[in-house]
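Q: The lines below spell out each chain.
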Amino acid sequence: MAKKLVRSVFDFEEGFIETIAEVPEKEPEAWAPERSMRVASKGHPRVDGYARTSGDARYALDIQLPRMAYGRVLRSWIPHGRIRKIDTSEAEKVPGVLGIMTYVNAPKIRWYRDSTLFDPHVRYEGDEVAFVVAETEEALEQALSKIHVEYEELPFVLDAEEAMKPTAPKLFKNGNVRDGKPRIYERGDIQKGFAEADAVVEDTFRTQVVHHAPLEPHVCVVNWEGDRLTIWESTQATFRVQQGIASILKVPLNKVRVINAFMGAGFGSKLGIEKHTVMAALMARQIGRPVKVVTPRKDEFLSMGNRPASVQKLKVGAKKDGTLTAISLWSVGPGGAYRSGSAYLGTPAREMYKCANVRTEEYTVYVNTGPARAMRAPGHVQAFFALDSILDELAEKIGMDPLDFRMANIAEIDQVRKRPYTSKRLKEAYEAGARAIGWYERRNKVPGSGKGPLKRGLGVASQIWGGGGGPPAFATVEINRDGTVVVHSGSQDIGTGTRTIVAQVAAEELGLDLDRVSVVIGDTALCPYGPTSGGSITAASLTPAVQAAAVEARERLKDYAAAVLGVEPERVSYEPGRYYLTEDPSKSVSFEEAARKMGNNMVVTTGARGPNPKGYTINSFGAQFAEVEVDVETGKVRVLKIVAAHDIGRAINPLTVRSQFEGGIIMGMGYALTEERWLDPQVGRQVNPNLHEYKVPTLADIPEIEVIIVSEADTKANTVGGKGIGEPCIIPTAAAIANAVYNAIGVRVKELPITPDRVLRALGKA
Amino acid sequence: MVSFEHANAGSIKEAVRLLGQQDRTPVAIAGGQDLMTMLKDELVRPGLVVNLKTVPGLTEITYDERKGLSIGALATLTDVEEHPVVRAKYPALAQAAAAVGTPQIRNMGTVGGNLCQRPQCWYFRGDFPCLRRGGDYCSAAVGQNKYHCILGGDPCYIVHPSDLAVPLRAYGASVEIVGPKGKRTVSLDDFFLLPSQDVRRENVLEPGEVVTWVRVPPSDGAKAAFVKFTERGAWDFAVVSVAAVLRKEAGNGKVAGGRIVLGGVAPVPWLAGKANAALTGVEPTDEVLERVADLALEGASPLEHNAYKVPLAKTLVKRALQQALAS
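Top to bottom, those sequences are chains L and A.
Okay, so the first sequence: first residue is 1 according to my numbering, each after it adds one.
Okay, so the second sequence: first residue is 767 according to my numbering, each after it adds one.
FYI, nobody ran anything at the bench for these hints, they're computed from the structure.
Beta carbons are placed, not taken as given, at the ideal position from N, Cα and C, and that holds for glycine.
Heads up, a few of these hints could be off.
[Claimed, not checked] If you want the ones that stay clear, here's a sample from chain A, every Cβ over 12 angstroms from chain L, calculated:
#	residue
1	Lys949
2	Ala1043
3	Val1048
[Unchecked claim] Partial pick of chain L residues on the chain A-facing surface, computed with a CB cut under 8 angstroms:
#	residue
4	Thr634
5	Pro681
6	Gln682
7	Val687
8	Thr698
9	Ala700
10	Asp701
11	Pro756
12	Asp757
13	Ala766
Modelling step: build the complete structure from the supplied sequences, incorporating the hints.
A: In structure tokens form, the structure reads like this:
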């Protein structure tokens, strides 16, 4: 297929990435909304569902190699200090210990821009201090407990607002504010906007630190065979790991293979190159044995990322008729001890609602806690809790229904980039969700007016997110001589169902049933480049490439069909499952017959993702509606129902879409109601780094969930027409619950999570 | 987890003998639901783990009109939850058993283990300064203490974690203990220890002693209920729990007497003495229940982050009483 290079820009986790991309000269025909679909757009169970549930699927955690040794990181148990001395002599004597690495003997490898692989200046509880490799996990644990570290303890700071003060302990010599200044955005005239308003509301909201808590921890297995390195890694970024490790270890890319066939979730915590993978690779090379690293659950909490807390000071103004005249946001959040994920969260304030006058000022600061990492819709989940809370306050002040207020302020265009959206069905989402929850009939006209101690209420919140994806993304399609097909792509299935939709898209274009297509995914040695799974970009980036490869493969097989028919290929046409003589459709050959004709020839094609449309913004939109019941005598909030109505373009697999929504909403519920990192203020260490005291929702907490997709294929966005949904599904949940709590009890809880103690305090009972 | 020896005890006598070998730093394991986490976190570093599950005859639950209910210490929480006599005559106990952890935990966890489990305080479980672990001070006193006690706390602020202990104490149960010095029976009123009595132990068990049986007095038709308040739907220890056992006067609707015990508020299952006294010979009006609830929490002195437990516990006392009366 002829290809060309273009400059490509795509939306990735709160930012835009600009890159050179190879795209097809001519894209496949887009799947128009009205196209009749056979396999895609149908709700298929996951093609790897059986393997995943039966134990057949081999995760990095399952990899066992001959002579494999075990590695683990020893982490700092103080929040801030300098290592005076590390004594590893006792640990070295433990039988079975194969090697110990510390800042003393490790190569100086740059990390986080301002630090190194092992930094004698430790900046949080969980910072890497040593790496031990041993024959067995038992020997490993013993050795770890026998390393004696002497610290010069330094004053620490845990809270973002505290860290901004000039007197706060500094983590880096340039101060605690990242880049030394806030990110500021302005449009219109904010003062004029407030002057025009009939009502102005000002309020402060706070959110907590939460963790990704993936079921499968961070895992790697590294194995050198001569100068070739193979890494099994649980990652959202198979190619990024390959590129990162190759460049850090100075190994050519053709000698580094990363395998990631199955993984048990990441939620943003597995987007990068892990220190422990580099340590394991260095040590494995030194001892001549494979090394496996499984991150303990406690370390997952301390060191593998979090959604940063936030303080958000919002001021909004509107006219009596519902016109939003001004939005002002000041925010700060802790990025943790290093430059990793950020606490910036201004996008929703700038982009969600139509408003001519907007100012956002956002800070990310360094504090002595685990570094933040992107977490499922970074920034947006925090932001919408505050933004949609204050919007409800403003609606009440001007005497308008909160849903009507939102509908009156739908932004027709991308107000920041001043250009249209490829598609936007937000109004339809509001309307469909309102119908499903019974918004106008069942919502309390007077908040808190329900009788008795159990009070019910309804709330709504909105969502905007990128997820349009873009090039580069590649896939190959191979047709075997028995008519079966293999699709290869180096992207990965992080639990979202990528493998299934790739098979569906290929099967759709090839006119085959789903069981005829197998998918090889997450292997840099076998597959062409596929995108990192973050920013909800995988589906929209990858599936058009699969489609392009499949269309070309189908065309190539036509030559063999023509040979069977004994005519020139130009006289042959295709319909699902068969090739036929254009002038006499009764003369045909099946896909399998044509494939058999190949003999030992093989059809192998590579498809590339087409460019994003110029002059458009691709966003997904949606709204969620929550119904809650609050016990005003105990403070307990029970979510009864969530209706999620979203514009996601084409749902390539409505069943896995539904699964994604369920997962996102449950995670959003945990954020709203129960999950919270607790640090001890005296010693600066986490008191609940475990899955018992860090309370993710259980099955017993899950409400009725209704998912409504209001969109059809967005063929302006890409030829398949899908937009990503992995993150949109969590964005409005907590905000909708918070607004429903207000509607139920008539008192607003301005801090997450909305736990019983906070509800009782808000009610003045505690 | 440290390496240790493991021994299956063939009898209680053998278990007691093994557990008495103090030089081997022995610990007992039954269902292992608490001990396994303690081992993994190295909160205990035993030289010897003595398996009690191999001791025959301690899984039974029997009822005798004269002697009452006997529950073997090795009966599982599921056994208790599902036992027809327990459900019929001691509903608060069945409800408490059903409220523990998760089905998996209830299938493995035993009655003896549930009563003798160690506290869940995150400072005790984590590697923090902790009086109970021999440290110099209680980190919870000024640290993160939203789940800590509001009654009976000084100088350590744990709450007792057992769900079963709450209704068992309300029903007036006692435990049979076997140890190196023989057998003794201790009322649950005397079994648990406040930090002021001993900051290192939660109960009176001496080294080498094990709980073998729980004895509950015969049912006299008392009305009872157990309510447990948690932040999430399963796998959560009580923020506050209440068991109420009430006897009604014949014919007049009055309460003859009752025992209210609270969980999640104190280092022991907390007997609400004054409240119980106020329950004698009264008409259970809303006003009376309100007063009883106030009395139950009299003397509560919350820490920085757990004042909400006071109104919460009052609500639960009222609800447990209402539920018991309606049963």
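Q: Take the hints in turn and mark each one as holding or not.
A: Hints, verified against the model:
1. Lys949: Non-interface label on Lys949(A) holds, nearest chain L Cβ at 36 angstroms vs cutoff 12 angstroms.
2. Ala1043: Ala1043(A) is indeed farther than 12 angstroms from all Cβ atoms of chain L, at 25 angstroms.
3. Val1048: Holds: least Cβ distance 22 angstroms, greater than 12 angstroms.
4. Thr634: holds, 6 angstroms
5. Pro681: For Pro681(L), the interface hint holds, since the closest Cβ of chain A sits about 7 angstroms away, which is under 8 angstroms.
6. Gln682: Because about 6 angstroms separates Gln682(L) from the closest Cβ in chain A, which is inside the 8 angstroms limit, the hint holds.
7. Val687: Check passed: Cβ of Val687(L) comes within 4 angstroms of chain A, closer than 8 angstroms.
8. Thr698: holds, 4 angstroms
9. Ala700: holds, 3 angstroms
10. Asp701: holds, 4 angstroms
11. Pro756: holds, 7 angstroms
12. Asp757: Given a least distance of 4 angstroms, the restraint on Asp757(L) holds.
13. Ala766: holds, 4 angstroms
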